[in-house]
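Spelled out from the first residue to the last, the chains are:
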Amino acid sequence: MANDEENNNKKPSMQGLSFAYRISTELLGALIVSVVIGLLIDKMFDSKPIGLITLIILGFFAGLLNIYRLIRRIENSK
Amino acid sequence: MAKGESPLKQFEIQPIVDINFLGFDISFTNSALWMTITTAFILIFFTVPFLKAKKTNSVSDLYPTRMQVAAELGFNFINSLLADTVGKEGKKYFPLVFTLFMFILFGNLFGMIPYSFTFTSHIIVTLALAMGVFIFVTVLGFVKHGVKFFSFFVIPGLPVYMLPLLIPIEIISYLSRPISLSVRLFANMLAGHTLLKVFAGFVSALGFFGILPLVFIIALTGLEILIAFLQAYVFAILTCLYINDALHLH
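So the protein sequences, as listed, match chains A and B.
For the first sequence, position 46 (counting from the first letter as 1) is numbered 45 according to numbering that gives the first Met the number 0, and the numbering increases by one without interruption.
For the second sequence, position 33 (counting from the first letter as 1) is numbered 32 according to numbering that gives the first Met the number 0, and the numbering increases by one without interruption.
You may find that some hints are simply not true.
[As the list claims (entries may be wrong)] Covered, in the sense of this in silico footprint (three residues per stretch, anywhere, with C-beta under 8 Å from a C-beta of chain B), are these stretches of chain A:
{"hint": "1", "region": "15-25"}
{"hint": "2", "region": "29-38"}
{"hint": "3", "region": "59-65"}
[Unchecked claim] Derived Cβ-Cβ restraints for the label pairs, each shown as a range:
{"hint": "4", "chain 1": "A", "residue 1": "M43", "chain 2": "B", "residue 2": "N75", "range": "29 to 37 Å"}
{"hint": "5", "chain 1": "A", "residue 1": "K42", "chain 2": "B", "residue 2": "I15", "range": "35 to 43 Å"}
{"hint": "6", "chain 1": "A", "residue 1": "T53", "chain 2": "B", "residue 2": "L205", "range": "34 to 42 Å"}
{"hint": "7", "chain 1": "B", "residue 1": "L72", "chain 2": "A", "residue 2": "F18", "range": "22 to 30 Å"}
{"hint": "8", "chain 1": "A", "residue 1": "K42", "chain 2": "B", "residue 2": "R65", "range": "28 to 36 Å"}
{"hint": "9", "chain 1": "A", "residue 1": "V35", "chain 2": "B", "residue 2": "L42", "range": "48 to 56 Å"}
Worth flagging that the hints you see were computed from the coordinates, not collected in a lab.
Positions of the beta carbon are idealized from the N, C-alpha and C atoms, including for glycine.
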């Protein structure tokens, strides 16, 4: 990559900040999606709490997986 | 800010020209106005310096003008971002990433002008942008890989009995992309602008000691401009990463 010195100095801090902003919403996004899917499943199959509970647990793991992938990416970029 | 005015009043949508089309309210609002201003500014910013360079033919034309340097800086920024994350094949998707980055960046920055309107502080705008990216990336994956795209949801080298548990998790993780992408941008802009207005309310309420929140607002404005840039950067880099995922599964 042909970048000047200033750009090279700026990049790590910018990347660090962007990672910080990303981690905070990864968990939230997965939970919102899973709650919506869970409510839809409950409405379709009339299985009031079961779909929501299962999907929230799955969504939590999906959020953790998102964060795990992000942190692995940070480790690789070092 | 007038006394007793809500800090959330700045996010109100006000119709400027009422248009009713087949029973749908498609009025030209202040949000649409600022989107138009942003688009027009970007068009001017990236065409005017290059038009001028072509017209005249003197020696001084060998040196780029200030506007040209600024425009090329933005161009190179996204170009190197794509080269870093996607690689050589990423060149094709430059227009998409560049348009998104510039639209969000200048939308955020224009939102920092007093009495203007920040259209990125509305979830419907950011969700529409994120959904556009999401649908594009999904279609791209299917076009490039066909049915093999579904193997994206299967982590390689995993025992078969783990699949029923992990495929739903992978699908939720995939579907959460547009949500986290849009919520991040919307929440940051909404929170930042509300915070600015709340502290602005303290200035008039505290009288002489209002100088303290005033100093704080100056620092906060700087932070907001940084966030405006950073959120556009995050949106662009995530678009690049999703394109990369669609091109090379795993």
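Structure-based check of all given hints:
no. : hint                          : verdict
1   : 15-25                         : holds (count 7)
2   : 29-38                         : holds (count 5)
3   : 59-65                         : holds (count 5)
4   : A:M43 with B:N75: 29 to 37 Å  : violated (50 Å)
5   : A:K42 with B:I15: 35 to 43 Å  : holds (39 Å)
6   : A:T53 with B:L205: 34 to 42 Å : violated (52 Å)
7   : B:L72 with A:F18: 22 to 30 Å  : holds (23 Å)
8   : A:K42 with B:R65: 28 to 36 Å  : violated (58 Å)
9   : A:V35 with B:L42: 48 to 56 Å  : violated (37 Å)
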